[in-house]
Amino acid sequence: MKKYLQLSEVSIDFPIPKGLFRALDKVSLDIAQGEFVSLIGHSGCGKSTVLNIVAGLHQATEGGVLLEDREVNAPGPERAVVFQNHSLLPWLTAYENVELAVKQVFKGKKSKAEMREWIIHNLDLVQMTHALDKRPDEISGGMKQRVGIARALAMEPKVLLMDEPFGALDALTRAHLQDSLMEIHADLGNTVIMITHDVDEAVLLSDRIVMMTNGPAATIGEILHIDLERPRKRVELAGDARYNHFRQAVLSFLYERQRKVEDFGAQKKAHEHEHEAVAAPLKVSAAK
Amino acid sequence: MKSTPLSSISQPSGRTLPGLDLFMQLSRSLLLPVIGILLFLFIWFNGARMIHTSLGEFPGPVQVWEQTTNLVAEHQQEHQREQDFYARQEVRNAQTLAANPEAKVTIRPYTGKPTFLDQIVTSLVTVLSGFVLASLIAIPLGILIGLNESVYAAVNPLIQLFKPVSPLAWLPLVTMVVSAVYVSQDPAFSKSFLTSMFTVLLCCLWPTVINTAVGVANVSKDLLNVSQVLRLGVLTHVFKIIVPASLPLMFTGLRLSLGIAWMVLIAAEMLAQSPGLGKFVWDEFQNGSSNSLGRIMVAVLAIGLIGFMLDRSMLFLQRKVSWDKNAIMR
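Protein chains in written order, with our numbering: chain A, 1 to 288; chain B, 1 to 330.
Among the hints, erroneous ones may be present.
[Stated by the list, open to error] If the Cβ cut is set under 8 angstroms, some of the chain B residues that face chain A in the computed set are:
id : residue
1  : 101
2  : 219
3  : 222
4  : 226
5  : 228
6  : 229
7  : 230
8  : 231
9  : 238
10 : 239
11 : 241
12 : 291
13 : 319
[Said to hold, decoys possible] Computed cross-link-like contacts, DSSO-like style, restricted to lysine-lysine with a CA-CA straight-line distance of at most 27 angstroms:
id : chain 1 : residue 1 : chain 2 : residue 2
14 : A       : 18        : A       : 103
15 : B       : 113       : A       : 134
16 : B       : 113       : A       : 103
Just so you know, the hints here were simulated from the structure itself, not pulled from any lab data. As the structure is a computational prediction, the values presented were derived from the model and not from experiment. Built from N, CA and C at the ideal position, the CB exists for glycine as well.
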């Protein structure tokens, strides 16, 4: 496997009143070009921290990140981020939000007409050309997230970083966006790192699922290769034995080996409901 | 307010409801304020008759109305006199030139007493100049403080120290400094104007500085991350992200500043005897005729009305500029 993006022994400490808090401990991961990797783990296990380090928004205390053999130490548009809560500028229209990114990345490289075409093209990829002149408060949550994805794609990033991109959406909208994302990934072959809480989403979209252990000093627990052929269809996969096997594997990691211990009462309860959780994975994603 | 479907279902005669709604709406926007004003006039009318001062009865609504018409009439007379004065000079100059084409002719400026309306204009010009100048300083300073915690730490004690200072404390210093520094053969502005303006400026800086800084410091982390990922330059960052995001608080500061500016100006004009509404009030007080209190009351009402209109115009400006049209602004 050709190494495109390398995380080598990444550790990070955050200062707290009592000293230093080790959030991540020796996270090592190699990602190939065009690969779709999901990070999954319980809340607070440092998934977002990993993503932020790759994005350059946080600096690793030890170890580092290499993208095409060059060290990452500051944020940049070649590692575009799709934020959980869309993070569109509320005073700009959908078009202008994407335009801000395009102007910044392609200044001097594209003519005005080319930029306009490129902006429309990217909004078209996420099926948002009907709302070019709408401001974020005039469109639904799913649409905002689509524009957020269009903005990230328009930067032509080497790596697309997605921080729970569909976490705040309802199940149906989420399914639509997952399908769109699969199509875009098939067309463009982006390298993607996505954080998710949703086991189905992870299995459906990913080439590999990286499962994180609980913090403090969280690290990679297990990596699961999802060698289901693409294109994947959610309805067909629902009855697929391998798909269910992968799902089972992730669930057992999350709820047996890395069960989140909140307190004694919650632990007891979790034990009682463990069986249920496996049987009803939708509930898991809803209860995050 | 719209009638809810529920009420139109529960009441078969729901057709009268829109009428009732309209009545409620009208009463809230028109009837109740009118009742409030009438009640105030009633109390004022009766209360004023009970207060006897050395200058006669305290002015009630009737006297105030009389004085308002008087002041307007005086303004018109004075204006007429001024025009006549210039017309006479021109006629005289024309005659002189006809007799002797070589003669040097001059137009002497009219030196009549400024009327009430003239004083209003003077005050408005002064307050707006001071306010605009203060805003030009305060907004960039606020942005700088909000962006940079070190600058904040350095400047904050000074802001806290100067914010509570009364304009009257500044006034003597400003007067002396203006007299000492502003020496020119052909002054573009009068010294009294500059004194009032700088006093206003010093007092109305702070609300804008503080509110802008708070607005800038509280721009959402997500938007800052977007800016970082895009590697926006400093200027783009400030103008595309920071300023729009902190606009609502900036305007809160500007409106507070303008309100303070107007109050400060009247006090400064009274104390410094510089032209304006404050001087008008003081002159009338010193004048001590039986009309004086009524005329002062007219000035009081005019000051209130102008302050109100200044605030409304800022609100209008905010509505024009702000991206968040749904925000409740009052």
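Here is how each hint holds up against the structure:
1. With a cut of 8 angstroms, the hint placing residue 101 (chain B) at the interface with chain A is violated, because the nearest CB-to-CB distance is about 65 angstroms.
2. Restraint check, residue 219 (chain B) versus chain A: the minimum CB separation of about 11 angstroms is more than 8 angstroms; hint violated.
3. With a cut of 8 angstroms, the hint placing residue 222 (chain B) at the interface with chain A holds, because the nearest CB-to-CB distance is about 4 angstroms.
4. Among the interface hints, the one on residue 226 (chain B) holds; its C-beta lies about 5 angstroms from the nearest C-beta in chain A, closer than the 8 angstroms criterion.
5. The restraint placing residue 228 (chain B) at the interface with chain A holds, with a minimum CB-CB distance near 4 angstroms, inside the 8 angstroms limit.
6. Because the closest C-beta pair between residue 229 (chain B) and chain A is about 5 angstroms apart, less than 8 angstroms, the hint holds.
7. This hint holds: residue 230 (chain B) has a C-beta 5 angstroms from the nearest C-beta of chain A, less than the 8 angstroms allowed.
8. Interface hint at residue 231 (chain B): satisfied, since its Cβ lies 6 angstroms from the closest Cβ of chain A, which is below the 8 angstroms cut-off.
9. Hint status for residue 238 (chain B): violated, given a least beta-carbon distance of 14 angstroms to chain A, over 8 angstroms.
10. The criterion of a C-beta within 8 angstroms of any C-beta in chain A is not met by residue 239 (chain B), whose closest approach is roughly 11 angstroms, and the hint is violated.
11. The criterion of a C-beta within 8 angstroms of any C-beta in chain A is met by residue 241 (chain B), whose closest approach is roughly 7 angstroms, and the hint holds.
12. Hint on residue 291 (chain B) is violated. Least Cβ distance to chain A is approximately 54 angstroms, over the 8 angstroms limit.
13. Here the hint on residue 319 (chain B) is broken, as its CB sits about 14 angstroms from the closest CB of chain A, past 8 angstroms.
14. The suggested pairing of residue 18 (chain A) with residue 103 (chain A) is violated, with an alpha-carbon distance near 45 angstroms, which exceeds 27 angstroms.
15. Between the alpha carbons of residue 113 (chain B) and residue 134 (chain A) the distance comes to roughly 58 angstroms, so the proposed pair goes past 27 angstroms and is violated.
16. Restraint check for residue 113 (chain B) and residue 103 (chain A): not satisfied, since their Cα atoms lie roughly 60 angstroms apart, outside the 27 angstroms limit.
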